[in-house]
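Visitor: Chain residues, written in single-letter form:
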Amino acid sequence: MTDILNAIVALSNFVLIPGAAYGAQLALGALGVTLIYGILRFSNFAHGDTMAFGTMATILVTWGLQSMGISFGFLPTALIALPVGIAITGLLLLGTDRAVYRFYRKQKAAPVVLVIVSIGVMFVMNGLVRFIIGVGDVNFADGARFVINARQFREMTGLDEGLAIRSTTLITLITAAIAVALLFWFLNKTRTGKSMRAFSDNEDLALLSGINPERVVAVTWLIVAALATTAGVLYGLDKSFKAFTYFQLLLPIFAAAIVGGLGNPLGAIAGGFVIAFSEVLVTYAWKKVLEYLLPENLEPSSLVQLLSTDYKFAVSFAILIIVLLFKPTGLFKGQSV
Amino acid sequence: MTARGYLLYAGMALLIVLTGFVQGWNLALTILNMGLISAIMSLGVNLQWGFAGLFNVGVMGFVALGGLAAVLVSMPPVAEGWNAGGLRLLGALALGAAILVAAVQVWKRKIGGRMRALVMLALLIGGFFLFRASLDPAVNAIEAINPSLSGYLGGLGLPIIIAWPVGGLLAAGAAWIIGKAALGLRSDYLAIATLGIAEIVIAVLKNEDWLSRGVKNVVGLPRPVPYEVDLQRDPGFVEAAAGYGLDPVTASTLWVKILYSGLFAVVLIAILFLAQRALASPWGRMMRAIRDNEVAAAAMGKNVTARHLQVFILGSAVCGIAGAMMTTLDGQLTPGSYQPLRFTFLVWVMVIVGGSGNNYGAVLGGFLIWWLWVMVEPLGLWAMELITSGMSPDSWLRAHLTDSAAQMRLMTMGIILLAVLRFSPKGLMPER
Numbered sequence: 001m002t003d004i005l006n007a008i009v010a011l012s013n014f015v016l017i018p019g020a021a022y023g024a025q026l027a028l029g030a031l032g033v034t035l036i037y038g039i040l041r042f043s044n045f046a047h048g049d050t051m052a053f054g055t056m057a058t059i060l061v062t063w064g065l066q067s068m069g070i071s072f073g074f075l076p077t078a079l080i081a082l083p084v085g086i087a088i089t090g091l092l093l094l095g096t097d098r099a100v101y102r103f104y105r106k107q108k109a110a111p112v113v114l115v116i117v118s119i120g121v122m123f124v125m126n127g128l129v130r131f132i133i134g135v136g137d138v139n140f141a142d143g144a145r146f147v148i149n150a151r152q153f154r155e156m157t158g159l160d161e162g163l164a165i166r167s168t169t170l171i172t173l174i175t176a177a178i179a180v181a182l183l184f185w186f187l188n189k190t191r192t193g194k195s196m197r198a199f200s201d202n203e204d205l206a207l208l209s210g211i212n213p214e215r216v217v218a219v220t221w222l223i224v225a226a227l228a229t230t231a232g233v234l235y236g237l238d239k240s241f242k243a244f245t246y247f248q249l250l251l252p253i254f255a256a257a258i259v260g261g262l263g264n265p266l267g268a269i270a271g272g273f274v275i276a277f278s279e280v281l282v283t284y285a286w287k288k289v290l291e292y293l294l295p296e297n298l299e300p301s302s303l304v305q306l307l308s309t310d311y312k313f314a315v316s317f318a319i320l321i322i323v324l325l326f327k328p329t330g331l332f333k334g335q336s337v
Numbered sequence: 338m339t340a341r342g343y344l345l346y347a348g349m350a351l352l353i354v355l356t357g358f359v360q361g362w363n364l365a366l367t368i369l370n371m372g373l374i375s376a377i378m379s380l381g382v383n384l385q386w387g388f389a390g391l392f393n394v395g396v397m398g399f400v401a402l403g404g405l406a407a408v409l410v411s412m413p414p415v416a417e418g419w420n421a422g423g424l425r426l427l428g429a430l431a432l433g434a435a436i437l438v439a440a441v442q443v444w445k446r447k448i449g450g451r452m453r454a455l456v457m458l459a460l461l462i463g464g465f466f467l468f469r470a471s472l473d474p475a476v477n478a479i480e481a482i483n484p485s486l487s488g489y490l491g492g493l494g495l496p497i498i499i500a501w502p503v504g505g506l507l508a509a510g511a512a513w514i515i516g517k518a519a520l521g522l523r524s525d526y527l528a529i530a531t532l533g534i535a536e537i538v539i540a541v542l543k544n545e546d547w548l549s550r551g552v553k554n555v556v557g558l559p560r561p562v563p564y565e566v567d568l569q570r571d572p573g574f575v576e577a578a579a580g581y582g583l584d585p586v587t588a589s590t591l592w593v594k595i596l597y598s599g600l601f602a603v604v605l606i607a608i609l610f611l612a613q614r615a616l617a618s619p620w621g622r623m624m625r626a627i628r629d630n631e632v633a634a635a636a637m638g639k640n641v642t643a644r645h646l647q648v649f650i651l652g653s654a655v656c657g658i659a660g661a662m663m664t665t666l667d668g669q670l671t672p673g674s675y676q677p678l679r680f681t682f683l684v685w686v687m688v689i690v691g692g693s694g695n696n697y698g699a700v701l702g703g704f705l706i707w708w709l710w711v712m713v714e715p716l717g718l719w720a721m722e723l724i725t726s727g728m729s730p731d732s733w734l735r736a737h738l739t740d741s742a743a744q745m746r747l748m749t750m751g752i753i754l755l756a757v758l759r760f761s762p763k764g765l766m767p768e769r
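As given, the protein sequences belong to chains A and B, one line each in that order.
Read in our numbering, the first sequence has 233 at position 233, and its numbers run on one by one without any break.
Read in our numbering, the second sequence has 454 at position 117, and its numbers run on one by one without any break.
Since the hints were derived computationally from the structure, they do not count as laboratory data.
A few of these clues could be false.
[Said to hold, decoys possible] Listed below are the simulated DSBU-like cross-link pairs for lysine-lysine, each with C-alpha atoms no more than 30 angstroms apart in a straight line:
{"id": "1", "chain 1": "B", "residue 1": "Lys639", "chain 2": "A", "residue 2": "Lys287"}
{"id": "2", "chain 1": "B", "residue 1": "Lys553", "chain 2": "B", "residue 2": "Lys517"}
{"id": "3", "chain 1": "A", "residue 1": "Lys108", "chain 2": "B", "residue 2": "Lys763"}
{"id": "4", "chain 1": "B", "residue 1": "Lys594", "chain 2": "A", "residue 2": "Lys287"}
{"id": "5", "chain 1": "B", "residue 1": "Lys517", "chain 2": "A", "residue 2": "Lys333"}
{"id": "6", "chain 1": "A", "residue 1": "Lys106", "chain 2": "A", "residue 2": "Lys194"}
{"id": "7", "chain 1": "B", "residue 1": "Lys639", "chain 2": "A", "residue 2": "Lys108"}
{"id": "8", "chain 1": "B", "residue 1": "Lys445", "chain 2": "A", "residue 2": "Lys242"}
{"id": "9", "chain 1": "B", "residue 1": "Lys639", "chain 2": "B", "residue 2": "Lys445"}
{"id": "10", "chain 1": "A", "residue 1": "Lys327", "chain 2": "B", "residue 2": "Lys763"}
{"id": "11", "chain 1": "B", "residue 1": "Lys543", "chain 2": "A", "residue 2": "Lys239"}
{"id": "12", "chain 1": "B", "residue 1": "Lys553", "chain 2": "A", "residue 2": "Lys327"}
{"id": "13", "chain 1": "A", "residue 1": "Lys106", "chain 2": "B", "residue 2": "Lys639"}
{"id": "14", "chain 1": "A", "residue 1": "Lys287", "chain 2": "A", "residue 2": "Lys106"}
Full structure from sequences and hints, please.
Guide: Printed below as a string of structure tokens:
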């Protein structure tokens with residue numbers, strides 16, 4: 001019995017909890033991609049760098065607060081800075097839309113042209129982030145490190161395995177849940193949210209019924225700024241901030257959005273968790289869990305790791321290909337242009 | 338080529354010559370060599386995007402496969418490695434391939450819906466464990482042999498020039514697999530799929546030490562041109578160098594670079610010639626017809642997906658050739674240095690700025706953007722010094738600005754791309 005409990009604790013500690021946190025971060029990122037796809041109808045390659053920019057803005061504000069001696073108790077100071085970071089990112093995205101995307105929207109350019117344009121925006125944003133904060137690793141998490149650490153847990157339960165819950169994990173899950181709840185409330189209950197969904201479903205009909213497209217687009221960019229900055233800050237708190245890793249998040253985020261069905265917010269959330277859990281499950285070394293579960297003579301001698309951690313991209317990619325081959329519109333019904 | 342084209346090419350040549358006069362011929366030749374390689378990559382992407390409208394953002398992966406070919410062809414074989422587990426390893430790889438083929442065959446059978454899926458799944462999962470069980474011991478045995486110096490199987494020990502077409506073949510093979518899966522779906526799905534395959538290729542190069550030593554890098558690849566030291570010892574060469582008023586050291590470095598330029602120029606001209614012929618041929622017209630209106634082309638009886646697969650493989654092969662040439666020029670394979678911004682998206686900037694659909698434009702874009710990529714750093718530093726000259730020498734802002742000048746590159750490339758897309762979307766040399 002204790003063996004099974006130990007196995008469950010080990011599994012939660014190394015797979016379930018980190019997977020859930022990573023899944024929440026991916027889901028927030030994928031929501032941004034999917035919203036842009038639904039409203040503006042292109043795949044935004046600059047999304048990873050939007051996340052990096054938002055995180056950078058939040059870090060700068062955090063530093064400012066810290067130098068003024070303001071902190072948030074056991075919570076990271078970055079959470080106070082987050083709204084300001086979102087506002088700065090929102091301004092940047094609105095500015096980008098004004099200066100860059102609006103021109104192509106007026107022309108009714110093909111989606112692939114907008115994708116290439118977003119590559120240009122990606123270069124500029126990436127350069128901006130590197131220019132302002134540099135390319136090094138920035139660790140900006142402060143406050144309490146653990147809600148409960150492995151030793152406390154062992155003492156509390158008397159099990160051999162410890163369960164460490166990092167405060168950033170808990171904050172990620174709670175913040176993500178709040179953000180998603182707010183988003184769905186906005187999309188389903190408010191007038192603006194409804195007009196956004198109408199615009200996404202049928203642009204012509206929405207225009208006929210007097211919805212102002214520029215307003216819908218502006219609101220979309222603001223929501224995307226909020227989602228991207230939140231996702232970026234949570235990821236940065238959990239790991240650390242580095243401009244290049246955010247660019248690499250683009251692949252799992254896109255995989256999550258496509259697996260869930262591009263343009264479908266519910267799908268993006270499901271896709272985020274599917275991708276995150278499969279990455280963690282496949283790259284986890286199962287030796288410890290199996291030692292608890294299997295009888296002594298069957299215990300594995302190797303690490304029982306299916307793939308080395310560096311192949312986590314391969315996992316998101318494989319899932320993406322499988323879904324594309326068998327269900328091209330994604331798990332939930334997405335749009336197809 | 339139009340008069341405008343000749344003028345632009347003359348301007349480009351002038352830029353390189355000016356660089357030679359101002360910053361030294363060594364740098365000018367370095368830029369020229371990488372410019373030639375960039376132009377080939379750019380031709381490859383132009384085949385896919387300009388001819389057929391395929392959105393490939395996995396250039397980096399195909400370039401890296403070319404680099405792998407350079408190692409596999411040119412390095413001497415490591416006999417101890419082969420004895421330790423070479424054949425076992427090849428056997429394991431063959432087994433893995435056989436499992437995949439069997440799974441595909443099962444899937445192609447038209448019988449029994451759910452049963453078929455279950456059999457395929459069981460075959461894949463069981464096959465994976467079988468594959469790992471046979472691969473891992475062989476890999477461990479090979480990597481255990483002298484890991485600091487070799488620890489891999491080595492190559493075939495053939496002249497490195499052979500690696501160039503081989504690199505193209507490797508890239509073509511990868512393109513066939515990815516094209517089979519992702520072509521025929523929506524355009525942005527192909528983009529994501531290629532983005533993914535490029536990351537996977539790099540992950541394989543970084544992790545599979547038995548293949549190309551992973552992040553430990555393979556250095557000292559054989560060269561197709563003489564070594565500088567040998568030239569300096571050659572009395573005939575020293576005499577000839579003295580005739581031009583050059584000391585042997587400078588003359589030998591310049592001469593080696595010129596030889597590389599000659600080799601690369603031959604490849605570039607050959608590929609450019611072929612690409613031009615293809616563009617003017619009925620095949621090229623069909624490609625453009627498919628690009629401009631897929632539905633109409635399909636109605637005329639053209640097999641759109643098959644043609645897309647064909648041009649996707651061709652373009653990726655060209656990128657693979659360029660990748661093998663680049664690794665030859667570097668003399669080493671360093672998987673850590675492959676970054677998507679530099680090897681995928683920069684090539685895209687080259688194609689768009691040069692003029693998509695126009696081969697001469699793509700080549701010009703390759704040279705021009707590469708020149709800018711190298712030059713932005715000194716120019717940026719100079720601009721920053723000009724901007725900050727009014728500030729006090731110890732102000733933090735001044736220090737930060739001059740330190741960050743090196744990061745100007747990406748921003749400049751982005752602004753150039755956005756400006757070209759906005760004000761001259763057909764590029765410097767438009768397609769007719």
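Visitor: Each hint: holds or not?
Guide: Checked hints:
1. Lys639/B <-> Lys287/A: 54 angstroms, violated
2. Lys553/B <-> Lys517/B: 33 angstroms, violated
3. Lys108/A <-> Lys763/B: 17 angstroms, holds
4. Lys594/B <-> Lys287/A: 54 angstroms, violated
5. Lys517/B <-> Lys333/A: 24 angstroms, holds
6. Lys106/A <-> Lys194/A: 23 angstroms, holds
7. Lys639/B <-> Lys108/A: Holds. Lys639/B to Lys108/A sits at ~28 angstroms (cutoff 30 angstroms).
8. Lys445/B <-> Lys242/A: Distance ~45 angstroms between Lys445/B and Lys242/A Cα, so the pair is violated.
9. Lys639/B <-> Lys445/B: Satisfied, since the Cα-Cα distance of roughly 25 angstroms is no more than 30 angstroms.
10. Lys327/A <-> Lys763/B: Roughly 36 angstroms separates the two Cα atoms, so the pair is violated.
11. Lys543/B <-> Lys239/A: 22 angstroms, holds
12. Lys553/B <-> Lys327/A: Cα-Cα ~41 angstroms, so violated.
13. Lys106/A <-> Lys639/B: Since the Cα atoms of Lys106/A and Lys639/B sit roughly 34 angstroms apart, the hinted pair is violated (cutoff 30 angstroms).
14. Lys287/A <-> Lys106/A: 58 angstroms, violated
The structure does not agree with the numbered hints 1, 2, 4, 8, 10, 12, 13, 14 stated previously, though it agrees with the rest.
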